[in-house]
Amino acid sequence: MKNLLEFLHKYHHWFLFVFLEALSIVLLFQFNSYQGSVWFSTANAIAGRVCEWDAAVESFFTMAHNNEVLTQRNFYLERQLAQLRRLYQEATQKTDPKELQELEKISQYKLIPAKVVTSELHKKNNLMTINSGLAEGVEPGMGVACGQGVVGVTFLCSDHYTVVIPVLNAASSRISCKIRNRGYFGVLRWYGQESGYAYVEDIPRHARFKRGEWVETNGYSSIFPAGVLVGKIVEVYNSRDGLSYRLKIQLSTDFGTLRDVVVISDKSIAERMRLMQAARDSLKLNVHE
Amino acid sequence: MSIDFLKRVVLFVAFVLAQAFVLGRIHLFHYATPLLYVYFVTLFPRNYPKRGVLTWAFAMGLIIDIFTNTPGLAAASLTAVAAIQPYFFALFVPRDAVETLEPSLLNLGPTKYSYYIVTLVTIYCLLFFTLEMFSFDHLLEWLMSVVGSILVTLALIITFEIAKRKV
Numbered sequence: 001m002k003n004l005l006e007f008l009h010k011y012h013h014w015f016l017f018v019f020l021e022a023l024s025i026v027l028l029f030q031f032n033s034y035q036g037s038v039w040f041s042t043a044n045a046i047a048g049r050v051c052e053w054d055a056a057v058e059s060f061f062t063m064a065h066n067n068e069v070l071t072q073r074n075f076y077l078e079r080q081l082a083q084l085r086r087l088y089q090e091a092t093q094k095t096d097p098k099e100l101q102e103l104e105k106i107s108q109y110k111l112i113p114a115k116v117v118t119s120e121l122h123k124k125n126n127l128m129t130i131n132s133g134l135a136e137g138v139e140p141g142m143g144v145a146c147g148q149g150v151v152g153v154t155f156l157c158s159d160h161y162t163v164v165i166p167v168l169n170a171a172s173s174r175i176s177c178k179i180r181n182r183g184y185f186g187v188l189r190w191y192g193q194e195s196g197y198a199y200v201e202d203i204p205r206h207a208r209f210k211r212g213e214w215v216e217t218n219g220y221s222s223i224f225p226a227g228v229l230v231g232k233i234v235e236v237y238n239s240r241d242g243l244s245y246r247l248k249i250q251l252s253t254d255f256g257t258l259r260d261v262v263v264i265s266d267k268s269i270a271e272r273m274r275l276m277q278a279a280r281d282s283l284k285l286n287v288h289e
Numbered sequence: 001m002s003i004d005f006l007k008r009v010v011l012f013v014a015f016v017l018a019q020a021f022v023l024g025r026i027h028l029f030h031y032a033t034p035l036l037y038v039y040f041v042t043l044f045p046r047n048y049p050k051r052g053v054l055t056w057a058f059a060m061g062l063i064i065d066i067f068t069n070t071p072g073l074a075a076a077s078l079t080a081v082a083a084i085q086p087y088f089f090a091l092f093v094p095r096d097a098v099e100t101l102e103p104s105l106l107n108l109g110p111t112k113y114s115y116y117i118v119t120l121v122t123i124y125c126l127l128f129f130t131l132e133m134f135s136f137d138h139l140l141e142w143l144m145s146v147v148g149s150i151l152v153t154l155a156l157i158i159t160f161e162i163a164k165r166k167v
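Heads up: the sequence lines are chains A and B, in that order.
Quick note on numbering: the first sequence equals residues 1 to 289 in my numbering.
Quick note on numbering: the second sequence equals residues 1 to 167 in my numbering.
Treat the hints with care, as some may be off.
Capping the alpha-carbon separation at 25 Å, the derived lysine to any residue pairs in SDA-like fashion look like this [as the list claims (entries may be wrong)]: (1) K7(B) / H13(A); (2) K124(A) / I123(B); (3) K110(A) / M276(A); (4) K115(A) / V16(B); (5) K110(A) / D266(A); (6) K123(A) / I25(A); (7) K248(A) / Q148(A); (8) K123(A) / V22(B); (9) K50(B) / L16(A); (10) K50(B) / V26(A); (11) K115(A) / L23(B).
Selected chain A positions facing chain B (Cβ under 7 Å, derived; list incomplete) [as the list claims (entries may be wrong)]: (12) H13; (13) L16; (14) F17; (15) V18; (16) L20; (17) S24; (18) I25; (19) L27; (20) A47; (21) H122; (22) L127.
With beta-carbon atoms standing in for the labels, derived distance ranges [what the hints assert, rightly or not]: (23) H9(A) / A155(B): 38 to 44 Å; (24) K210(A) / T122(B): 47 to 53 Å; (25) E235(A) / V147(B): 28 to 34 Å; (26) E235(A) / K7(B): 52 to 58 Å; (27) L17(B) / L111(A): 31 to 37 Å; (28) S239(A) / L91(B): 51 to 57 Å; (29) T92(A) / F29(B): 26 to 32 Å; (30) V187(A) / T122(B): 38 to 44 Å; (31) D254(A) / L17(B): 23 to 29 Å.
FYI, nobody ran anything at the bench for these hints, they're computed from the structure.
For glycine and all other residues, C-beta sits at the position ideal for the given N, C-alpha and C.
Take these sequences, add in the hints, and give me the full structure.
Structure representation (structure tokens):
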């Protein structure tokens, strides 16, 4: 007994070492599946606050440029709206019913504004933190977009901060999208390296399209509404198995200067998700019987 | 609360802030990131309690991890370096040295100090990037990150040591 105690006392730092290493390894391997780990990420209130100060200082210096981009975009949209309205009036000779319908469609989405407090570009699996959380109505699995296009999907939420999986995450980001005005579906993926380019996989072989056409979300992903801009096609390849096309696209969102984003919260999406879940559960039940 | 403890707290906070907001965002040539906080662990003097070194290193690693969203990564690597540091430093201590000799360029001389610091930084960077990628599929990328980060980190540490000697 005395020998045992002596042994324990003499080598206690080795036990401490093994314990701390074990703790680290558990954290390392559980982070991606373990939702409670919000305390060990930048969604943690203290780290989030400190990062927010830092981002505030940075955003002050890039404000002028951001303003410029937003104004340009605004001007462009305004012009497009006017043009479309005029065309529509010419074509139908009336203004009211359909326009009202469109407005209603947009108002069903609740947009929650947020600021980016940390973001990464150079890793393989980048993450991003924004300063809205459960208290503002953000929940895991909601779409995040900015004035220029699609950004990512929310992943972990605390009361006031949220970790977002941006498009630039090779392991976890899969957003379904389509080619504008053509309707062919694909999946948006990213494989590391250049932060300005991503790939769209699984475009069918019979699809007809040209380089320079736009890719946007298709609205079937139950996360984004249809028509959020993704990027422009710059290159077309064959997929590895030769059964589909793979498109290289230039992302319309500039992740390097991203500051202001909106989280898209849609009541009908929640309803659809519930329905899907119910369907899945009932299928599982049938299998077990 | 000894003076030594307070001194280490101040150093600790300084290293965390520097890493989270300045150094952690530098990616020279896309690969080389300075991991200066490993310097904190190499500073513990002779006969410092081993459990103390381990606990400091683990805490440092964990907080760095929180800022980079990689829980456990820096903590695991830094704790490993902390386990080696007391034994490794003992190899370089001159026979007639004081009980609480600190590892520094001034105390050990350029040759011994280089051996000491290069080995510890190399061990740290190897562990860190191996755990981060957790596969050798991208061998070149891994090698570039390890070598790049070792060089940048060492350059910073040597600069600090030379500055310290002049003061």
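Need the list of violated hint numbers for this structure, in ascending order. When the structure is compared with the hints, numbers 15 and 29 turn out to be violated.
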